[in-house]
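There are 2 protein chains.
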Amino acid sequence: MSDLLERLRRRGWRMTSQRRVVAEVLDGDHVHLTADEVHARAARRLPEISRATVYNTLGDLVSIGEVTEVSTDGRAKRYDPNAHRPHQHLVCSNCGTIRDVHPTGDPLADLPAEERFGFTVSEAVVTYRGLCAACA
Amino acid sequence: MSDLLERLRRRGWRMTSQRRVVAEVLDGDHVHLTADEVHARAARRLPEISRATVYNTLGDLVSIGEVTEVSTDGRAKRYDPNAHRPHQHLVCSNCGTIRDVHPTGDPLADLPAEERFGFTVSEAVVTYRGLCAACA
DNA sequence: TCTTGACTTGGACTCGGTCAATCGTAGGAT
DNA sequence: ATCCTACGATTGACCGAGTCCAAGTCAAGA
Ligand SMILES: [Mn+2]
Ligand SMILES: [Mn+2]
Ligand SMILES: [Zn+2]
Ligand SMILES: [Zn+2]
Numbered sequence: 001m002s003d004l005l006e007r008l009r010r011r012g013w014r015m016t017s018q019r020r021v022v023a024e025v026l027d028g029d030h031v032h033l034t035a036d037e038v039h040a041r042a043a044r045r046l047p048e049i050s051r052a053t054v055y056n057t058l059g060d061l062v063s064i065g066e067v068t069e070v071s072t073d074g075r076a077k078r079y080d081p082n083a084h085r086p087h088q089h090l091v092c093s094n095c096g097t098i099r100d101v102h103p104t105g106d107p108l109a110d111l112p113a114e115e116r117f118g119f120t121v122s123e124a125v126v127t128y129r130g131l132c133a134a135c136a
Numbered sequence: 001m002s003d004l005l006e007r008l009r010r011r012g013w014r015m016t017s018q019r020r021v022v023a024e025v026l027d028g029d030h031v032h033l034t035a036d037e038v039h040a041r042a043a044r045r046l047p048e049i050s051r052a053t054v055y056n057t058l059g060d061l062v063s064i065g066e067v068t069e070v071s072t073d074g075r076a077k078r079y080d081p082n083a084h085r086p087h088q089h090l091v092c093s094n095c096g097t098i099r100d101v102h103p104t105g106d107p108l109a110d111l112p113a114e115e116r117f118g119f120t121v122s123e124a125v126v127t128y129r130g131l132c133a134a135c136a
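Chains Z and S, in that order, are what the protein sequence lines are.
Just so we're aligned: 102 in this note's numbering is position 102 of the first sequence, and the numbers increase by one with no gaps anywhere.
Just so we're aligned: 13 in this note's numbering is position 13 of the second sequence, and the numbers increase by one with no gaps anywhere.
Possibly wrong hints are sitting among the right ones.
What the simulated footprint calls covered on chain S by chain Z, stretch by stretch (three residues with Cβ under 8 Å from a Cβ of chain Z suffice, anywhere in the stretch; the number is not a length) [what the hints assert, rightly or not]:
| id | region |
| --- | --- |
| 1 | 38 to 44 |
| 2 | 63 to 76 |
| 3 | 98 to 105 |
By construction, these hints were calculated from the structure, which means they are not laboratory data.
Backbone N, C-alpha and C define an ideal beta-carbon position, used for all residues, glycine too.
Could you build all of it, start to finish, from the sequences and the hints given here?
Here it is as structure tokens:
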């Protein structure tokens, strides 16, 4: 049973068969699927589900903060159900595998005031790149 | 006179009017133009230049390491002529302005071995987000 | 000047994503 | 249990960003 699905129920999110399969697909650790991958997996359980519904549902989940968008490669955005534990990403430059990582320290602390150009800096997104064990 | 143009000449890069205007447009600090912006500016000097040529030229410049690709939003890639001084980016979440920043410390050092999943990690790309002085 | 491989072009095409009109239904009201 | 309706789902057209290709042009070395 999906943790995400559970949270959505508690929020009183209007539940439809489409929304349910999307939430079920977005379950697990290190899950970073593209919208089309979500659509393909959802369609195995519910063949009639449309691409637009998947996009709508993912967009809704992002806007209520239950899923985060990750764009590591300039290609399709990926959707991450691990929205409640802040983390960064480690990406294999060869095969594209993505792992959740938790660096120590606060990257914001590494940006000195004179390098802030008067900005109110609120967030640092870090993408580590390298080769995974299989690709190295 | 463009610094980039100078470097390209020294490399013996085959020079055409199209390549010259693209290199001229990619001059200055904190320059992060999209391909279409490069095309628009290049076309002010050389109206017949095609979109395909701009894409080709930018791709070539990236592959020889004279320009780097930056994708901060999930939208169009941006092209950065500041390829010889490593740096990160500070982006205004409201207006999209991008500044080059030089954080202290090595972000790779903040990723403990047990968080590397057997990867050979070679690079950390950091995007700082916040509001610029004008938007705050 | 001649030659030729490298560069340029326009247009068709792909991929990822958005939109809007219309249809269907979850879930509250009775 | 049935009704009602606002909200969600569907279809297909559309869009922006980027790639590809065949044909034409030209930079620069001989
Ligand atoms: Mn993640
Ligand atoms: Mn830059
Ligand atoms: Zn790999
Ligand atoms: Zn701003």
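Tested hints:
Taking a C-beta to C-beta cut-off of 8 Å, the region 38 to 44 of chain S contributes 0 residues in contact with chain Z, too few for the three needed, and the coverage statement is violated. Coverage of a stretch by a chain is defined here by at least three residues with a beta carbon nearer than 8 Å to that chain's beta carbons; for the region 63 to 76 of chain S and chain Z the count is 4, and the condition holds. Proximity of the region 98 to 105 of chain S to chain Z, defined as three or more residues with a beta carbon under 8 Å from a beta carbon of that chain, is established by the 6 residues found.
Hint compliance for this structure: hint 1 alone is broken.
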